[in-house]
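A.B. asks: Listed below are the residues making up each chain.
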Amino acid sequence: MEILVCVKRVPDSAENEIVMNSAGNDIERDDLVYSVNEWDNYAVEEAIQIVEKVGGTVTVVTVGDADADEILRREMAMGAEKGLLLQDDAFEGSDCKGIATALKGAVEKGKYDLIFTGAQADEGAGAVGGMLAAMLDLPYASLVNKIELGDGKLTIGREIEGGNREMNEISMPCVLSIQTGINEPRYVGIRGIRKVSGVEIPVMSAGDLGVDAGSVGAAGAKVKKIDYFVPEKGEGAEMLEGSTEEIIDKLIEILKANGGL
Amino acid sequence: MAQVFAYLNHKNGVLEDAAMELINAAKAISSEPATAIVCGSGIDAVATAAAAIFPKVIKVDNAALDYPNAEVVRKALVNVIPAGSVVLFAHNTFSMDCAPGLSVKLNASFVADIVGIDGVDGSTLKVVRQEFGGVVSTHVGVDMSAGAVVAVRPGTFAPDESKAAGGAVTAADAGDLSAKRKFIEIVAPEAGDVDITKADILVSIGRGIEDEENIQLAMDLKEAIGNAAEVSCSRPIVDAKWLEASRQVGTSGCTVKPKVYMACGISGSFQHLGGIKGGLLIAINKNPNAPIFQVANVGIVANIVEFLPALTEKIEEMK
Ligand SMILES: Cc1cc2nc3c(=O)[nH]c(=O)nc-3n(C[C@H](O)[C@H](O)[C@H](O)COP(=O)(O)OP(=O)(O)OC[C@H]3O[C@@H](n4cnc5c(N)ncnc54)[C@H](O)[C@@H]3O)c2cc1C
Ligand SMILES: Nc1ncnc2c1ncn2[C@@H]1O[C@H](COP(=O)(O)O)[C@@H](O)[C@H]1O
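Protein chains in written order, with the numbering used here: chain A, 1 to 261; chain B, 1 to 319.
Think of the hints as simulated: they come from the structure by calculation, not from any bench.
Please read these numbers as outputs of a predicted model, since none were measured by experiment.
For glycine and all other residues, C-beta sits at the position ideal for the given N, C-alpha and C.
Be aware that one or more of the hints could be misleading.
As a list, the in silico DMTMM-like pairs of lysine to aspartate or glutamate whose alpha-carbon atoms are at most 25 Å apart [to be verified]:
| no. | chain 1 | residue 1 | chain 2 | residue 2 |
| --- | --- | --- | --- | --- |
| 1 | B | 241 | A | 122 |
| 2 | A | 250 | B | 223 |
| 3 | B | 105 | A | 113 |
| 4 | B | 222 | B | 211 |
| 5 | B | 286 | A | 28 |
| 6 | B | 59 | B | 160 |
| 7 | A | 250 | B | 317 |
| 8 | A | 256 | A | 235 |
| 9 | A | 146 | B | 190 |
| 10 | B | 126 | A | 232 |
| 11 | A | 233 | A | 17 |
| 12 | B | 182 | A | 161 |
| 13 | B | 241 | A | 52 |
| 14 | B | 259 | A | 245 |
| 15 | A | 53 | A | 113 |
| 16 | B | 180 | A | 2 |
| 17 | A | 222 | A | 92 |
| 18 | B | 314 | A | 246 |
| 19 | A | 146 | B | 244 |
| 20 | A | 224 | A | 28 |
| 21 | B | 286 | A | 12 |
| 22 | B | 259 | A | 238 |
| 23 | B | 126 | A | 26 |
| 24 | A | 111 | A | 208 |
| 25 | B | 27 | B | 17 |
| 26 | A | 233 | B | 118 |
| 27 | A | 109 | A | 67 |
| 28 | A | 225 | A | 92 |
| 29 | B | 126 | A | 227 |
| 30 | A | 195 | A | 2 |
| 31 | A | 225 | A | 28 |
| 32 | B | 259 | A | 246 |
| 33 | A | 195 | A | 38 |
| 34 | B | 241 | A | 148 |
Sample of chain B residues lacking proximity to chain A, with all beta carbon distances greater than 12 Å (derived) [unchecked claim]:
| no. | residue |
| --- | --- |
| 35 | 62 |
| 36 | 63 |
| 37 | 171 |
Can you make the complete structure from the sequences, with help from the hints?
C.D. replies: What follows is the structure in structure tokens.
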């Protein structure tokens, strides 16, 4: 089974407090710690488990700059055999469609049975996987939280509202967006990362991928961020202040008044 | 001006609430009457209900649409929707499945999970979005010149309660609906040992609990409060297998309506908040800018790993 997993380098919101910069045109990026998009770790883990079962190769691919090398290596330390970096100034400022266009180029350069993305990334779009599938004319399912291998096809579970699972049969090749909770992504230690530090990761440009530079990046983007802003706060919460003891006393009063104690 | 269509979700013959909100999203984009699209099998009642809200309704009635398999629905929509249109969805697990691919097939722009519409400037639609689970907001310009597919977060617009549109229903042919993905069945979640929907007080913990062993701090508080209390959680706690799935609150978990909901170390993502349908919301979070403080009734800035045991101790003392 040849599996391509799309991964994105994102600011780690558990490690940083995300705030707007003073110009209001971006988040404050100085000193940000970056990591792999949470969902993508589940996608890579799922791919590795499949290959462990039936053989094959897991390739991780990202559209990013030179810094994105580090997240590819992290996923390779998990067990992905190959990495692929799609890097070109022309990709800068891409919207989701631009990213999907670059990834389509990479998919067409290989031969994959399965293509995984995360269900969504830092911007909460959840768009790249579905777009990529449509561009490739491959079947797609989003929010996948269960995969059973069949012959030339898969039985998959999709997470829908209320904890229900929508079971589908889908033919291969296909694109699946993977939801958290499908597995428990394995731990990656420093030693694992060191092991893959020497592996060469091919870099492909728009030209290498056969992607028209005008269809990607800021030039091709039809969805553009205008600015960041702090929304006007509504009433907001009644904040309890004072020493911990005072806060607890107030809280207990509130709990009592509301039938909580 | 682009023509606006709204895809309406329905279940068991009833339109979903979010569907009724889309009419007001449509009005924020265009003054032209919007058209609703309902797909399914044997859906006359749903189409009639839609016509009470939308001035025009297209009904795509086909046995292959009996269950809304996104790959099949997408084909029907491509067949029915003219190029250059704006297509609205409620942002949910169906739109996440269908809308991005639809935008590619319609050659239209795509934007998901918008929380506001800030107007139209020529062919640019200006929308409001959130990033990082609501920590920052953005204005986004969407080029509608070749059409756009827009998924609107439920609750962003008020539903149309007047139901006075008096719209007309026309039937449309779905065309070829063959697909490489087949719907099999819906599997309901397994019942857990605990039923958090019955509790008066929920001590609900999120990623801010930091460590598996700290779950005990919430259990201790629950014990101190007594019978009316139960421990619930946000999704990352279930994903990490620290608590069972039946304790998860949110759109993909349980919907709860306790007297008091104590959100401890929970940021306040809309998927989590979507499961809280009432009661006094008390938020305890170490980050004073956590989005949950904008919707909570009572807020406390504290480290829960220290605060919860202190609260437990005080409640024990009072006994
Ligand atoms: C399709 C879909 C469905 C989903 N369904 C659900 C669902 O049903 N339920 C759900 O909950 N989520 C759901 N999610 C996930 C959701 O988007 C969020 O990722 C999730 O709710 C975040 O959980 P959290 O608030 O616990 O974690 P985070 O967003 O990481 O927030 C942790 C918070 O804890 C605070 N904190 C950290 N340490 C401490 C400390 N020591 N003391 C006090 N505060 C601290 C931080 O300031 C932060 O605000 C879904 C996502 C998708 C895509
Ligand atoms: N720059 C990127 N490079 C590779 N994959 C990406 C990139 N951006 C998004 N993706 C993939 O698309 C998924 C969903 O992201 P999004 O559509 O941006 O929410 C991610 O989990 C990744 O799998």
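A.B. asks: The structure should be examined with respect to each hint, and the outcome stated for every one.
C.D. replies: Status of the hints after comparison with the structure:
Of the pairs offered as hints, the one joining residue 241(B) and residue 122(A) holds, with about 23 Å between alpha carbons and a cut-off of 25 Å not exceeded. Our distance criterion of 25 Å between C-alpha atoms is met by residue 250(A) and residue 223(B), whose separation comes to about 20 Å. For the hint linking residue 105(B) to residue 113(A), the alpha-carbon distance of about 22 Å falls within 25 Å, and the restraint holds. A distance of roughly 18 Å separates the Cα atoms of residue 222(B) and residue 211(B); the hinted pair therefore holds under the 25 Å criterion.
Of the pairs offered as hints, the one joining residue 286(B) and residue 28(A) holds, with about 20 Å between alpha carbons and a cut-off of 25 Å not exceeded. For the suggested pair residue 59(B) and residue 160(B), the alpha carbons sit about 20 Å apart, so the restraint of at most 25 Å is met. Straight-line distance between C-alpha atoms of residue 250(A) and residue 317(B) comes to about 15 Å, which keeps the hinted pair within the 25 Å bound. A C-alpha spacing of about 23 Å is found between residue 256(A) and residue 235(A), which places the hinted pair at or below 25 Å, so the restraint holds.
Among the hinted pairs, residue 146(A) with residue 190(B) is consistent with the structure: their alpha-carbon atoms are about 15 Å apart, no more than 25 Å. Under the criterion of a C-alpha separation no larger than 25 Å, the hint pairing residue 126(B) with residue 232(A) is consistent with the structure, at around 18 Å. Proximity of residue 233(A) to residue 17(A) is assessed by CA-CA distance (about 19 Å); at most 25 Å being required, the pair is judged to hold. Between residue 182(B) and residue 161(A) the alpha-carbon distance is near 19 Å, which keeps this suggested pair within the 25 Å criterion.
Of the pairs offered as hints, the one joining residue 241(B) and residue 52(A) holds, with about 23 Å between alpha carbons and a cut-off of 25 Å not exceeded. Between the alpha carbons of residue 259(B) and residue 245(A) the distance comes to roughly 24 Å, so the proposed pair stays at or under 25 Å and holds. For the hint linking residue 53(A) to residue 113(A), the alpha-carbon distance of about 15 Å falls within 25 Å, and the restraint holds. Of the supplied pair hints, the one linking residue 180(B) and residue 2(A) holds, its CA atoms being roughly 20 Å apart against a limit of 25 Å.
For the hint pairing residue 222(A) with residue 92(A), the CA-to-CA distance comes to about 14 Å; that is within 25 Å, so the pair holds. For the hint pairing residue 314(B) with residue 246(A), the CA-to-CA distance comes to about 11 Å; that is within 25 Å, so the pair holds. For the proposed pair residue 146(A) and residue 244(B), the alpha carbon gap of about 17 Å is at most 25 Å, so the pair holds. At roughly 19 Å between alpha-carbon atoms, residue 224(A) and residue 28(A) fall within 25 Å of each other, so this suggested pair holds.
Simply put, residue 286(B) and residue 12(A) have alpha-carbon atoms about 17 Å apart, close enough for the 25 Å limit, and the pair holds. This hinted pair checks out: residue 259(B) and residue 238(A) have alpha carbons roughly 17 Å apart, not beyond 25 Å. With a C-alpha separation of about 17 Å, the suggested pair residue 126(B) and residue 26(A) falls inside the 25 Å cut-off, and the hint holds. For the suggested pair residue 111(A) and residue 208(A), the alpha carbons sit about 16 Å apart, so the restraint of at most 25 Å is met.
Under the criterion of a C-alpha separation no larger than 25 Å, the hint pairing residue 27(B) with residue 17(B) is consistent with the structure, at around 17 Å. Between residue 233(A) and residue 118(B) the alpha-carbon distance is near 17 Å, which keeps this suggested pair within the 25 Å criterion. Distance hint between residue 109(A) and residue 67(A) is fulfilled; the C-alpha atoms sit about 23 Å from each other, no more than 25 Å. Between residue 225(A) and residue 92(A) the alpha-carbon distance is near 13 Å, which keeps this suggested pair within the 25 Å criterion.
Between residue 126(B) and residue 227(A), the direct Cα distance comes to roughly 11 Å. Compliance with the 25 Å bound is thereby established for this hinted pair. For the hint pairing residue 195(A) with residue 2(A), the CA-to-CA distance comes to about 23 Å; that is within 25 Å, so the pair holds. Distance check on the hinted pair: residue 225(A) and residue 28(A) sit about 15 Å apart at the alpha-carbon level, within 25 Å; holds. Taking the CA atoms of residue 259(B) and residue 246(A), the gap is about 23 Å. The hint holds against a cut of 25 Å.
With a CA separation close to 23 Å, the supplied pair residue 195(A) and residue 38(A) stays within the 25 Å bound. For the suggested pair residue 241(B) and residue 148(A), the alpha carbons sit about 21 Å apart, so the restraint of at most 25 Å is met. Every Cβ of chain A is farther than 12 Å from the Cβ of residue 62(B); the closest lies at roughly 18 Å, confirming the non-interface assignment. Non-interface status of residue 63(B) relative to chain A is upheld: no Cβ of that chain comes within 12 Å, the nearest being about 18 Å off.
In this structure residue 171(B) is separated from chain A by more than 12 Å, as the shortest Cβ-Cβ distance comes to about 27 Å.
This entry satisfies every hint, going by the numbered hints stated previously.
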